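There are 2 protein chains.
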Amino acid sequence: MTRLFNDPAFFTEDMLTGFLDANADYVVGVPGGVVRAATTRPGKVAVVVGGGSGHYPAFCGVVGPGFADGAVVGNIFTSPSTTDAASVGRAANGGAGVLLTTGNYAGDVLNFELAVAQLEAEGIPARYLAVTDDIASAPRDEIDRRRGIAGDFTVFKVASAAAEEGYDLDQVLRVARLANDATRSLGVAFDGCTLPGAPEPLFTVPPGRMGLGLGIHGEPGISERPLPSAAELAELLVEGVLAEKPAGAGERVAVILNGLGRTKYEELFVVWADVSRLLRAAGCTVVRPEVGELVTSLDMAGCSLTVMWLDDELERCWLAPADTPTFRRGTPGAAGQGQRRDPAETAAPDGRAAEGEAVEADPEARRSGARIATALTAIAGRMAEAETELGRIDAVAGDGDHGRGMVKGSAAASAAAQDAVQRGAGPAGVLRAAGEQWAARAGGTSGVLWGALLTAVGGRLGDHGRPDDRTVVESLRAGYQALVRLGGASPGDKTMLDALLPFVEALEESVSNGRPWSAAWADAAQVASRAADATAELRPRVGRARPLAERSVGTPDAGAVSLAMCVGSVANVFTEQKEDPP
Amino acid sequence: MTRLFNDPAFFTEDMLTGFLDANADYVVGVPGGVVRAATTRPGKVAVVVGGGSGHYPAFCGVVGPGFADGAVVGNIFTSPSTTDAASVGRAANGGAGVLLTTGNYAGDVLNFELAVAQLEAEGIPARYLAVTDDIASAPRDEIDRRRGIAGDFTVFKVASAAAEEGYDLDQVLRVARLANDATRSLGVAFDGCTLPGAPEPLFTVPPGRMGLGLGIHGEPGISERPLPSAAELAELLVEGVLAEKPAGAGERVAVILNGLGRTKYEELFVVWADVSRLLRAAGCTVVRPEVGELVTSLDMAGCSLTVMWLDDELERCWLAPADTPTFRRGTPGAAGQGQRRDPAETAAPDGRAAEGEAVEADPEARRSGARIATALTAIAGRMAEAETELGRIDAVAGDGDHGRGMVKGSAAASAAAQDAVQRGAGPAGVLRAAGEQWAARAGGTSGVLWGALLTAVGGRLGDHGRPDDRTVVESLRAGYQALVRLGGASPGDKTMLDALLPFVEALEESVSNGRPWSAAWADAAQVASRAADATAELRPRVGRARPLAERSVGTPDAGAVSLAMCVGSVANVFTEQKEDPP
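In order, the protein sequence lines correspond to chains A and B. Just so you know, we're using my numbering here: the first sequence kicks off at 1 and counts up by one. Just so you know, we're using my numbering here: the second sequence kicks off at 1001 and counts up by one.
In case anyone wonders, no lab produced these hints; they're calculated from the structure. These numbers come from a predicted model, not from an experiment. Some hints here could point you the wrong way.
[Stated by the list, open to error] Partial list, derived from the structure: chain A residues whose beta carbon lies under 8 Å from chain B: (1) 2; (2) 190; (3) 262; (4) 265; (5) 269; (6) 281; (7) 284; (8) 285; (9) 514; (10) 516.
[What the hints assert, rightly or not] If you want a taste of the chain B side facing chain A, the calculated C-beta under 10 Å gives, among others: (11) 1016; (12) 1017; (13) 1018; (14) 1021; (15) 1173; (16) 1191; (17) 1269; (18) 1271; (19) 1326; (20) 1328; (21) 1418.
[Unchecked claim] From the derived model, a few chain A residues whose C-beta atoms are all more than 12 Å from chain B: (22) 181; (23) 207; (24) 251; (25) 329; (26) 523.
Ideal Cβ positions, reconstructed from N, Cα and C, are used throughout, including at glycine.
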């Protein structure tokens, strides 16, 4: 379990402070993550890796000459926000564009693709690749749905070496795709990890048993079986990975035997002795294997085998020199480095946005804005209260980070909203500031979605006068539509939409019957709450593997539950102050 | 816990096979451990580090240019044997002598000092240094009794850099001593590790508690207290270590924040943020800190802080380049390397001694030799049966490795004895072969002592005719005296002597009363057994810290118990075959 922390809510920030201090020769912090201490040399493509933290040395531990130019650092097991990914990409850009790359997880894909769009809109060429090496996470005919595990390391290494060689952005992307297509991994778990401050492990494996294909955030695996001997495990992993050998692949292979945190070096070497023997027996030539902790999962017990089948280009990139806080190979040329960064250019990684600009709203709109800020503060309070409950629900079919994300996002939104009120903002200004900060600070899929929801609602409410009943329901409908557009889900897919839509419809119906929205809100919130509970009967359909979908039946969707809680807590605010709603 | 192994009895061998395979660019195996892939350049002092395994990357993970020339690899948490240490020293020697260095543990000190004597006897200049950085393991006025923990790393690094610079052997020893005198560590533990195949953890810490000063093999610490926050822990460690600042030390410090296996990188960085701040606040200038896993203890949860106060020479050595499987710094010059080793020169690390030479004994002596071999096989069987029980007893006041060591040693002794019988050996030849192999294969203090015991007994029995009663009791007295000489303990110090002496005395008395030794053996063995049980009331006086001594009261000494078991099992052999004793 994770025992050492101060405030669990700031674990990632504290971790990053220590990491940057200990590795000041290699890296500096920028908002959203870290970049190399030297600037990217002009004309070199920048490779920016990332994802949630808790996987050290992935991802910030491999920033340095010959490897990544920057790493976006999300909260533990949580995707960084779009803002974070774009920020690190911007800082790493040396003028030749940026390849952003992560493992294939919904939150990462969403946020990094949005960051690519944002960078491109700013005139910075950007591309994105999601690594899909985990053969246990989806069948061969749905290879694009596979998750990224330790294969992140081979793909990131190869792409980084290609960039260092001077490839242009599309060529770096081409080689990264080749590496991903040539990489297969299979992992096992013996016991789960515990998030900082969490009362229980994120997941467990019964003593004496092993989860085959269990994901690095505890995602369900293929099967559970008795703990094998080291030799039996080696056979299982080698056979499993070799059975997925890509068509036309040769016999030269880069290999990683990766420890997840608590399966230690000595055990890995015992297993490696058999893995090496079996690979040779199968006709493989192992090129510069890595045996150790490259992509961990806090103190999770388990390991994984990754094989990347090499052609000449991939082998050259795999063997190319690199020099990072945790991984070194050969002697990277100093000539290819940029200049030491100006300290003024970098910032402490606290993720806080620049001071918002002044806004203009009329007094009525400002009073509405203040009420909305109060509501957001109530939401933040409710989420702080519900964090553990939400994490527990989410752990059934997800990685248990939903409560933490909601707490971080809502707290940031509340603070930004109160700040916007001080600057004289109305509903639009308050909700835009809150939405931006929710998305920036919460990370994960739900952070982006909540950010979009608040921003869309605010955009319809505007900053002039007090919104009337029709405007309020229209704003909520606009928020719902923003989520549908952004998230790609439909009602019935077991998402927050399944609580939000009944809520919006109930409020629309009451208002169309002549009831003031503030009077109708509490009843609509009850509808949302019942709808959230009813998601227990649904089977998710968006971007989730079959075992995950089945495991989730009987448990409501955490996003739907938290949404219902949020609208419920706002009802209380409005009821208490019903003489003066926004 | 350690989950991945094949035969637990061969865990270290299997681990080493995998380690050598994965790191063939850096290291090759030699009997007893590993050396660099390139020979030591002529005229360069060789630095050979070592100790039990289970502490990776200590010790074999730091063999390479700029760091160690070789590592002696003992079984898990068990000192390598004298034979192993001498073997690696011999292989690493480049003609300018060898510094052997380990943490300060009784078994390591004993075996490595004997290895130094052996190397010197062969004409290879050799020195030994035991690292004593753990401030929790003995008070300041008994600094030489302190154990070595992560300070091993700073001392080994500095000594290796000095050797690389071209210092002669005594100058390397001088700098190593300076580094040791300037290094202080303090560690904490949150939970214990589990040896391969063991049913229970070696030790535990209650949930929510922390053992301050708990050793890397579970040796008792100073106190147990509630789990602190990361900041509180940082304060405790920094204050504790700075309070032990050596007289006259400056303000520049090399610092290690070391994870023991299950306290992960992210947590270490969180703690490091506060450690770094506190060190700066105390006026220290931190020079190239290391935050990570440098000296682990399987999957033990915990961490330690090490500070080495620097002068110009130590700082230069600390910062000097190094390139090893796990630790790299800068770019070590290739010019200073020797040549790639001839594969024929190296051997699989199975620790087996060369084929014994033919021996000559008369038929009567050969029949006695065969009986003794049978007795040794019975001992090996009894030890295999008692392994867990002995480990459990030893874990109370030691590191729980006694059972494993006895199993390995007695099995090797049995095999060597049977082999000697095939070659026609009598009592002396059988017991000498058995003693050598026991010492070589068991490791630890008890391995050396048992080796000496058997050899001394055999030396008195001789290889001519059947030993008479008086010769048998004299041989056992000679064995007892060899132990007293070698181990430095006296009766009453809670060691195996406390079972052996009553046994020898009982047998002497019976024989002096005219009873044949073979008839008297069983009764004397009963005396030994009762004496072993009675050691529960004793407090150890040899080389054990006060908390350890107190913890051991109420539990018998594992060495005394196993000795009584051994003589008991031999009684059965002799009783069954009493018509024809040796």
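We went through each hint and held it up to the structure:
1. 2: Check passed: Cβ of residue 2 of chain A comes within 6 Å of chain B, closer than 8 Å.
2. 190: holds, 5 Å
3. 262: Hint holds; residue 262 of chain A Cβ to chain B Cβ min 5 Å, cut 8 Å.
4. 265: holds, 4 Å
5. 269: holds, 3 Å
6. 281: With a minimum Cβ separation of about 14 Å from chain B (threshold 8 Å), the hint on residue 281 of chain A is violated.
7. 284: violated, 13 Å
8. 285: With a minimum Cβ separation of about 13 Å from chain B (threshold 8 Å), the hint on residue 285 of chain A is violated.
9. 514: violated, 56 Å
10. 516: With a minimum Cβ separation of about 49 Å from chain B (threshold 8 Å), the hint on residue 516 of chain A is violated.
11. 1016: Interface hint status for residue 1016 of chain B: holds (7 Å vs cutoff 10 Å).
12. 1017: holds, 4 Å
13. 1018: holds, 3 Å
14. 1021: Holds: closest Cβ of chain A sits about 5 Å from residue 1021 of chain B, inside 10 Å.
15. 1173: Violated. Min distance 30 Å.
16. 1191: Result: holds, 9 Å to nearest chain A Cβ.
17. 1269: Interface hint status for residue 1269 of chain B: holds (3 Å vs cutoff 10 Å).
18. 1271: holds, 5 Å
19. 1326: Holds. Min distance 8 Å.
20. 1328: Cβ of residue 1328 of chain B sits 5 Å from chain A, so the hint holds.
21. 1418: violated, 28 Å
22. 181: Its Cβ never comes within 12 Å of chain B, the nearest being 26 Å, so this holds.
23. 207: violated, 9 Å
24. 251: At roughly 18 Å from the nearest Cβ of chain B, residue 251 of chain A sits farther out than 12 Å, so the non-interface label holds.
25. 329: violated, 9 Å
26. 523: Answer for residue 523 of chain A: holds, closest chain B Cβ roughly 45 Å.
Violated hints for the displayed structure, listed by number in ascending order: 6, 7, 8, 9, 10, 15, 21, 23, 25.
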